[in-house]
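Engineer: Let the sequences and hints guide you as you build the complete structure.
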Amino acid sequence: MLPVANIETTVIEVNHVVTKFGQAVVHEDVSLSIQRGEIFAIAGGNGCGKTTLLREIIGLITPSAGMIRILGVDSRQLEEGNGRPIHRRFGVMFQHGALFSSFTLAENVAVPLREHTTLSEALIRDIVAAKIAMVGLPPESAVKYPNELSGGMRRRAALARAIVMDPELLFLDEPTAGLDPIIAAGFDDLVLSLKSLLGLTVVMVTHDLDSLWRIANRVAVLGRGKVLGIGTMQELFRSDDPIIREYFRGPRGRAASEQAAWNHDGPHA
Amino acid sequence: MEQQATISVENNVIRCRGSWTLPNLSWLERRGRALRWPDAPTVLYDAGEVTAMDTGGALILQRCIDGVRRKGQQTALQGLKPEFGELLRKIEVEWSRPEGGVEVRGVRWVESLTRIVQSRQVSVIRALAFVGESAIAFGRALIRPRSIRWRALLRIVELDGVRALPITGLLTFLVGVVIAYQGAEQLRKFGTNIFIVDLVGISLLREIAPLIVAILIAGRSGSAYAAEIGTMKVTEELDAVRTLGISPMNLLVLPRAFALVIALPLLTVYADAVGVFGGMLIALGELNVSFAEFLARFEEAVPVRHLLIGLGKAPFFAAIIALVGCYQGFQIRGGVDDVGRHTTISVVQGIFLVIVFDAICSILLNWWDL
Chain D
1 MLPVANIETT
11 VIEVNHVVTK
21 FGQAVVHEDV
31 SLSIQRGEIF
41 AIAGGNGCGK
51 TTLLREIIGL
61 ITPSAGMIRI
71 LGVDSRQLEE
81 GNGRPIHRRF
91 GVMFQHGALF
101 SSFTLAENVA
111 VPLREHTTLS
121 EALIRDIVAA
131 KIAMVGLPPE
141 SAVKYPNELS
151 GGMRRRAALA
161 RAIVMDPELL
171 FLDEPTAGLD
181 PIIAAGFDDL
191 VLSLKSLLGL
201 TVVMVTHDLD
211 SLWRIANRVA
221 VLGRGKVLGI
231 GTMQELFRSD
241 DPIIREYFRG
251 PRGRAASEQA
261 AWNHDGPHA
Chain C
1 MEQQATISVE
11 NNVIRCRGSW
21 TLPNLSWLER
31 RGRALRWPDA
41 PTVLYDAGEV
51 TAMDTGGALI
61 LQRCIDGVRR
71 KGQQTALQGL
81 KPEFGELLRK
91 IEVEWSRPEG
101 GVEVRGVRWV
111 ESLTRIVQSR
121 QVSVIRALAF
131 VGESAIAFGR
141 ALIRPRSIRW
151 RALLRIVELD
161 GVRALPITGL
171 LTFLVGVVIA
181 YQGAEQLRKF
191 GTNIFIVDLV
201 GISLLREIAP
211 LIVAILIAGR
221 SGSAYAAEIG
231 TMKVTEELDA
241 VRTLGISPMN
251 LLVLPRAFAL
261 VIALPLLTVY
271 ADAVGVFGGM
281 LIALGELNVS
291 FAEFLARFEE
301 AVPVRHLLIG
311 LGKAPFFAAI
321 IALVGCYQGF
331 QIRGGVDDVG
341 RHTTISVVQG
351 IFLVIVFDAI
361 CSILLNWWDL
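So the protein sequences, as listed, match chains D and C. According to this note's numbering, the first sequence holds residues 1 to 269 in order. According to this note's numbering, the second sequence holds residues 1 to 370 in order.
Any given hint might turn out to be false.
[Stated by the list, open to error] Between beta-carbon pairs, the in silico distance windows are: (1) 83(C) to 186(D): 21 to 27 Å; (2) 235(C) to 148(D): 15 to 21 Å; (3) 285(C) to 24(D): 56 to 62 Å; (4) 110(C) to 98(D): 36 to 42 Å; (5) 186(D) to 4(C): 36 to 42 Å; (6) 65(D) to 281(C): 56 to 62 Å; (7) 49(C) to 76(D): 38 to 44 Å; (8) 150(C) to 65(D): 48 to 54 Å; (9) 24(D) to 247(C): 35 to 41 Å; (10) 82(C) to 189(D): 19 to 25 Å; (11) 35(D) to 13(C): 38 to 44 Å; (12) 115(D) to 281(C): 55 to 61 Å; (13) 75(C) to 189(D): 29 to 35 Å; (14) 76(D) to 41(C): 55 to 61 Å.
[As the list claims (entries may be wrong)] Part of the chain D face toward chain C, derived, beta carbon under 8 Å: (15) 102; (16) 119; (17) 120.
[Stated by the list, open to error] Part of the chain D face toward chain C, derived, beta carbon under 7 Å: (18) 101; (19) 117; (20) 166.
Bear in mind the hints are in silico, worked out from the structure with no lab data behind them. Cβ atoms here follow ideal geometry from the backbone N, Cα and C, with glycine treated the same way.
Structural biologist: Right under this line is the structure:
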């Protein structure tokens, strides 16, 4: 159970996953593995099944064939009650936050603690306040309801709820989509600092080329129902696959890579 | 693999051991409260054997340290692994809850009463505005019938009228049976069996069938209107409609209101027939009134005005139900519980207003001797 006592390094294993919705084939054959302590990004064009893969890993959808293991447990066993101990070990931030609209921010963040632990009310309040501060939200926002928060704040609140149990694994679905560049960059920094502070393994689905360059240790590009390429951004940038080239070397990809190179060498060189 | 966490006191040294993580925190917290804290001027915390620490664990440790400091003693911490030290430092410096936390101010009763009255006033004004707006839209649509969305209207007539036939039929049939049964007992005592026709005919045609149909439709369609429009509002579809230059009134409210105004009287006619048929069956079985006798008596005992009064109320019931449903839909502000609340209100208010309207009709018609 203890994070330090876990010596296995592969936390997620996706083995030959096939996904079909009726006639439509989303994944023909997808395999990948994610190591402890890395920030792993799943990228690819719209409709290539990134979010579907994420939902399969966390057990919301069952793949048509193939096998997914998360923290050593078959993801098919995550459905309903069975996976309870596992559910405490990962947090998920959904694309639109998925905050409970009838709860205040603080109540939203406290939900996992109240459901899964027997901590005292005072300690729960302290932990919630610490997490709210951790994600960079002002303390006054704790009593607000989700519809009183801005998009960026809602995203942070959802992150606070995802990390309130100090999980080993954090899943982020399009964390920076729809945020302005400054807030998006702030969110990237936040993920980096939380990762080092809490020893998280982060799995994120994203389109954001800037975040891919800045924070992802490894990236898997999905397309045509397969994993087209997997590796660091530098490796993928040199890839010969036409879709990957298009994805990373299109006008936006180029700009993001130049920006990343500049950040890397420019100011410090 | 599971390691317990402990905190213990040995000669002015507080020893922390094990895994200071969520599963053990509850125990640690209780343990910490039960400890007798040392009263030496300097207290040493030895955290060298802490194997894991999460936010909650760091918070508890920080609390212990704060507690000792508050008594004026010095503290020193040693042996904590650097990765946990960073977390503890952040907890101490940046993330501690401000004293007392965020105060939620209690609302005094005068204030809450004022708020209720104000919100009632506002909602009455809003409701009146909505009725006015829909009346204007209704008038415009009558002047230019081409602007009515006939396709949507017919679809709603099918969904809320035709598809409601089985359930309205079954219900009014049963109500007809019940009325006839209850009446039969009394009538047999006086040997006035044939008056079963008056009883069933007048009560059903004039009052009960229109009311039953209206209540059923309020539950079935009024609630659906509120939920549909509310969900459109939550998903910003309503804003899209507005920015496309389409009036939500024309697109959503008028077709629903018109459709119910058409469907409800038709459903009522059908309910009348089925209900009276239920009464006929019981009259035959319980009172030996044959179908032929029943129908012959029906013609002379039940003047056509009762049917017309019942049918005349139906369009008004329909308008009330449709407008209340749509209005409540527009009142939904966002949030899942809001959708549920306003859907409930739409049904309760719809039925309430229908019955109030019916009562007013009864009183007025009684004055005019109808």
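Engineer: Hint by hint, where does the structure go against what was stated? Just the numbers, ascending.
Structural biologist: none
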